[in-house]
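J.: All chains should be modelled from the sequences, with the hints used to inform the complete structure.
Number of protein chains: 2
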Amino acid sequence: MRAEVVSVGTELLLGQIVDTNAAYIAKALSAAGVSVYRRSTVGDNMDRLIATLSAAFGDNDIVITIGGLGPTMDDITRDGVAAALNDKLVQNGDIAAKLTKFFADRGIEMTESNLRQAMVPVHGKPIDNPNGTAPGLLFEKDGKIAICLPGPPNEFIPMVDDFVSPYLLSKTGNKGTIRSRVLRVIGMGESSVEQIVKDLMLDDNPTVAPYAKVGEVHLRVTARHDTAEQAEQLVEERAALVRSRLGRLIYGEDNQTLEQAVVSLLLNNGSTISVAESCTGGMLAQRITDIPGSSRAFPGGLVCYSNNAKVDLAGVSQATLDKHGAVSHEVATDLALGVRKRFSTTFGIGITGIAGPDGGTEEKPVGLVYIALADSKGCKVERTHMLGARNIVRTRSVQTALNMVRLSLLTPRH
Amino acid sequence: MRAEVVSVGTELLLGQIVDTNAAYIAKALSAAGVSVYRRSTVGDNMDRLIATLSAAFGDNDIVITIGGLGPTMDDITRDGVAAALNDKLVQNGDIAAKLTKFFADRGIEMTESNLRQAMVPVHGKPIDNPNGTAPGLLFEKDGKIAICLPGPPNEFIPMVDDFVSPYLLSKTGNKGTIRSRVLRVIGMGESSVEQIVKDLMLDDNPTVAPYAKVGEVHLRVTARHDTAEQAEQLVEERAALVRSRLGRLIYGEDNQTLEQAVVSLLLNNGSTISVAESCTGGMLAQRITDIPGSSRAFPGGLVCYSNNAKVDLAGVSQATLDKHGAVSHEVATDLALGVRKRFSTTFGIGITGIAGPDGGTEEKPVGLVYIALADSKGCKVERTHMLGARNIVRTRSVQTALNMVRLSLLTPRH
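Protein chains in written order, with this note's numbering: chain R, 12 to 425; chain C, 12 to 425.
Hint data in this document are derived by calculation from the structure and do not stem from the laboratory.
Quick caveat, the model's predicted, so the values are computed rather than measured.
Careful, some of the hints might be misleading.
Derived pair list, reagent style BS3-like, types lysine-lysine, alpha-carbon separation capped at 30 Å [what the hints assert, rightly or not]:
hint	chain 1	residue 1	chain 2	residue 2
1	R	K352	C	K352
2	R	K38	C	K38
3	R	K109	C	K209
4	R	K375	R	K352
5	R	K391	C	K112
6	C	K109	R	K375
7	C	K136	R	K224
8	R	K224	C	K109
9	R	K112	C	K209
10	R	K209	C	K99
T.: Now the structure itself:
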């Protein structure tokens, strides 16, 4: 079965709200094995809505509309879908009574337009909406299906979960289910990752697709098969193949973040870490402490933004600062060694660099960052030149630091 | 002029990511006076992309594509637009040289596919992308315009601001324009803010609409008029009325963040600040140092996650910890006084609390946070009980701390 999602609302076209509902219904459709080749967004204009719906019914079995079911004049979805399917609307007595009671209970005057929400299709039925006054609508006519849902997410999401997903599964017999998994890669750029899995990207079931993120690459493996179990098995086999090629470049799967992976490794290993940050200004500490339970691996950190703080807090020597400058291999090393000693941790991280947009020179340009990792065996420093705005430089620096810790925990240097 | 926005990417159709770019470009289009009647989303499939683009060019003067400009095989936008407009792509020597240098500088091998990013239209030109390797593309052929932009928001947004908006304004001469402004409110909940501006929310030009954010509320004022100047004047008059009602609850406008407002106030006042964070784990320091130039107001901070760190680094007394516990009015006070003394700053902030999801007790539940602000006159503590997940508790705590500093700078306590 094929579906098109049509979002209705001028506020979407004007960019006043972001269409998070469209992403939510897309996941429900793919989980039920319904294919989506296209999504459309139209404003509150009847002619354009009908044109879009008619084209969508021409190409698809199912059209799902989002929004435009309210009581006001610019809520046109109900009438638009009826027109596109050549169906009629009639007033539903139960819903009209419920609406009348709703307004009476609240002491609000009910206007004539509120009763528009009691109109339901002749070839179809209302869909229960426990969180709002507008019911959803199901049209089933001439082999075409329309499902009309209200726009507020607190009404929309429960209706997708409670009605749309079970309904679609009953139609598809849960055949042709889609499953997917994300393999999260760090330490290699998107095009190099692609070279390694290029042949797999040519297959259309399962598919493998790379997505570049800030400081990492996600590989999404997606498979379709008759049952969820079979789709899951296809995904797992292909993921295993990708894992065998990328090895330690893969740090985690699905929603696992890099900081989660690192904190897990630290806790499993009984190791601890402390950090001394200059240009990242607390971002590394914040990422680590975002993970519940990180306190067992992380006693604390220093944000050494000024040179004085580097000397007083982390024990960087004034002579080193004078000779090499704050952004240097030597100062990064002193920060890592100093903070490790101060907190008596297994690892110490030192980060110093130029996040921009100002402060760069020809010799030390914006984006130059030194990241040092100290442990009982000594100190290792990476010099990197990050491209991008201030926030990107800082985020990439934190990614690199976390990955250095991860690799060190995977490959003990003893 | 009429435009259609076409977002390209299977990950959008599958609902794996939310299309925030589409909302961003929609605002730029409406600000330039370009009408958008429709938005489409298609997957990484060449036939469907070309069909969608051809239909879009049939109905519109301008088509803006988002995504699909990367170096990999499933990045099909470049070729799809050229096909739909019957244009050709040629390699641009400057971009090819820049790409080659980019990879050489980083010691990464450049693959053949990376050079696809150097292909530009015969009837058009590349659009500069300072934050990534893929340039955008402008096609101008047979009276139709296509603007192709990359998908990563950190590349996309600056290109909209720096190229697309000025380009569209030059084409439209800026007629029939929408202008809007966001007034950013902190220290009052959405429904209370709404009560204050309720009458203004009934008008349809200008409109006033509230949006709840984590720890703040945004009021969007939008007006439409023949010229940009007239629309701007309508917005400004309405904004002035809102400002007169909300006063100091408004900390900033449009894209100004709370940390920007606070760092500006600190710099204008010649004041400095240092922070000692427990449950926020570096998030406050990270927010402050996100602002370029913050180094003149912020020498550094302490992340005192363990009790030892609170004692050793911030000078919290062991007796206070034993008597009142780490999450207490007294420890917050000691953190603020201690860090202020350590860094010799005008202000010192101390934050201690229970971010969750574990660690709460009946007496000290998850979400209980003490925030202390020390200055030359003493120390003020706010006890708050934040609702929400770990990240929400931490973010709200940082918002409260920044607002305490802001109010203190607006109302000197001398």
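J.: If a hint holds in the structure, say so; if it does not, say that too.
T.: Now for the hints, and whether the structure bears them out:
Distance check on the hinted pair: K352(R) and K352(C) sit about 23 Å apart at the alpha-carbon level, within 30 Å; holds. As the CA atoms of K38(R) and K38(C) are separated by approximately 27 Å, the hinted pair is consistent with the 30 Å bound. The hinted pair formed by K109(R) and K209(C) meets the criterion: a straight-line CA distance of about 28 Å does not exceed 30 Å. Between the alpha carbons of K375(R) and K352(R) the distance comes to roughly 29 Å, so the proposed pair stays at or under 30 Å and holds.
About 27 Å separates the Cα atoms of K391(R) and K112(C), which keeps this hinted pair within 30 Å; it holds. A hinted pair counts as satisfied when its Cα atoms are at most 30 Å apart, and K109(C) with K375(R) qualifies at roughly 20 Å. For a cut-off of 30 Å, the pair hint linking K136(C) to K224(R) stands: about 27 Å separates their Cα positions. Among the hinted pairs, K224(R) with K109(C) is consistent with the structure: their alpha-carbon atoms are about 22 Å apart, no more than 30 Å.
This hinted pair checks out: K112(R) and K209(C) have alpha carbons roughly 26 Å apart, not beyond 30 Å. A distance of roughly 26 Å separates the Cα atoms of K209(R) and K99(C); the hinted pair therefore holds under the 30 Å criterion.
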